[in-house]
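If you read the sequences in order, they're chains Y and R.
The first sequence stops at residue 412 when you use this note's numbering, and every number in between is there.
The second sequence stops at residue 412 when you use this note's numbering, and every number in between is there.
No lab work stands behind these hints, which were simulated from the structure alone.
Please note: incorrect hints may appear among the correct ones.
Since the list can't tell identical chains apart, any single copy or any two copies may satisfy a pair.
[As the list claims (entries may be wrong)] List time: in silico EDC-like cross-link candidates among lysine to aspartate or glutamate, alpha-carbon distance up to 16 Å:
id	residue 1	residue 2
1	K375	E351
2	K171	D247
3	K383	E351
4	K405	D261
5	K220	E351
6	K383	E350
7	K174	E226
8	K171	E226
9	K307	E318
10	K174	D257
11	K276	D247
Source: prediction; values computed, not measured.
Protein chains: 2
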Amino acid sequence: MTQKQPDAPNLKIQKCAHLPAMHRERRPEVAMLVCPGVTLLDILGPQTVLAPSCNIHLVWKNTHLIETDSGVVLKPALSFSECPHDLDVLLVGGCPLDIFQDAETLQFLADQGSRAKYVTSVCSGSLVLGAAGLLQGYRATSHWSMLKALRLFGATPVEARVVTDRNRVSGGGVTAGIDFGLEVLSQLLGEEIARLTQLAMEYDPAPPFDSGSPKKAGPALAQKVHDWMGPEYAERMAGALAEAAKSMNTSSS
Amino acid sequence: MTQKQPDAPNLKIQKCAHLPAMHRERRPEVAMLVCPGVTLLDILGPQTVLAPSCNIHLVWKNTHLIETDSGVVLKPALSFSECPHDLDVLLVGGCPLDIFQDAETLQFLADQGSRAKYVTSVCSGSLVLGAAGLLQGYRATSHWSMLKALRLFGATPVEARVVTDRNRVSGGGVTAGIDFGLEVLSQLLGEEIARLTQLAMEYDPAPPFDSGSPKKAGPALAQKVHDWMGPEYAERMAGALAEAAKSMNTSSS
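Could you put the whole structure together from the sequences, leaning on the hints where they help?
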């Protein structure tokens, strides 16, 4: 005989009062893909920008707890099947390489992306959109270390902090998600609310060093970023992307 | 008869490969306070900066799931009693007002702060450090809207992105946590690793608008941030802070 188990104590969610709404008319519906190993700040930067004005849903295949790349454990809010059908914004951030062979996720993105008002990415999330067939013929950006790979998916790489091409909006690596979020917010709801949000978040950046791009940091430091990721990482990534590009061309031909 | 309940399915953590280590010698031990309603980006900005080089622990009274100010649900890693005894960094971000009357949490911070190598904050977390008696006679900063309140706790408010006074390091509002994180990382492990991290995170900010401080945004937009928080918020905050300052002076006299 099966009985409903009482919730385990640490499954209890300690609720809080959310931030006040900055926008009280129809709130845009935003779905952000999360997965085990997601680059957390790719998602949380835009999430923080948009949360006071939009309904944001962190979505994954299921709502079990996931661990992110930096070790934080969080709970997706909705499974793919629970995600709203008609999104204002679909957002993908950086994910581990297995996403490129994950047919269920790529199909979810292709389907949602076919209807979403804005199809968007931060960091290497643009490559995931590409693998889902959503960037063919579009200009887009990505993390500096993976920018050129966009060509594999029929996209034109652009070296910029945020790139808008029709309804595709992409941001550069990790921290670009904040600039990206403000840009998307202004496209969704106008410039004043974006400026208000910027002030509320005190987004008046003053990096203590000037090493935020390969041009500014120089080739020695750029090489060290590659070394940090591991000597085999670039090769594994190239393999995963080539495989994804092949699958995409097969399925769309 | 009590039986151990099997774990509920959505308590399962879907693990992932973490980011590679950027620093392989002794990794600094960092505890970041989280609580229901914590301002998530205050924590996740520095967490992203420090995660490849440090051991980071998100700590709270218990490890039940918590909801943050922007609606994300996450799991604290350690309870106060499980937190390492001798920290390299103690970090507090913005928390709801009830933190100022929360004796258990203030006592935890006062105790850890008495030994931590660096006692740090982002956004209004400096006021929480103040309420724990940790900023008397120190210069510090905070979110622009709450900066002057530091005086209540014997601290000297400084309008700056990041303020270092001996082993106290404080950052401004929300997004300042990234600048703060890079500064703390360079103090902990040197400038090169901070530059490397900045490049890996592509932290080359380019806000689409220039409204990140009250001076830049102007008084009308600053008033709108106050209005957004609600007409009674400033008053409730003033009351909570005055009460906390009174308790601190009573207990330390």
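Hint check results:
1. K375 with E351: Intra 32 Å, inter 14 Å, cutoff 16 Å: inter-copy only.
2. K171 with D247: The answer is neither: 31 Å in one copy and 31 Å across copies each exceed 16 Å.
3. K383 with E351: between (41 Å within a copy, 10 Å between copies)
4. K405 with D261: Cα proximity of K405 and D261: one copy only (14 Å, versus 57 Å across).
5. K220 with E351: neither (36 Å within a copy, 39 Å between copies)
6. K383 with E350: between (39 Å within a copy, 14 Å between copies)
7. K174 with E226: between (21 Å within a copy, 5 Å between copies)
8. K171 with E226: Between copies only: 10 Å across chains, 18 Å inside a chain, cut-off 16 Å.
9. K307 with E318: within (9 Å within a copy, 41 Å between copies)
10. K174 with D257: Only across copies: K174 and D257 sit 14 Å apart there, 33 Å inside one copy, limit 16 Å.
11. K276 with D247: Within one copy only: 5 Å inside, 46 Å across.
Of the numbered hints stated above, those contradicted by the structure are hints 2, 5, listed in ascending order.
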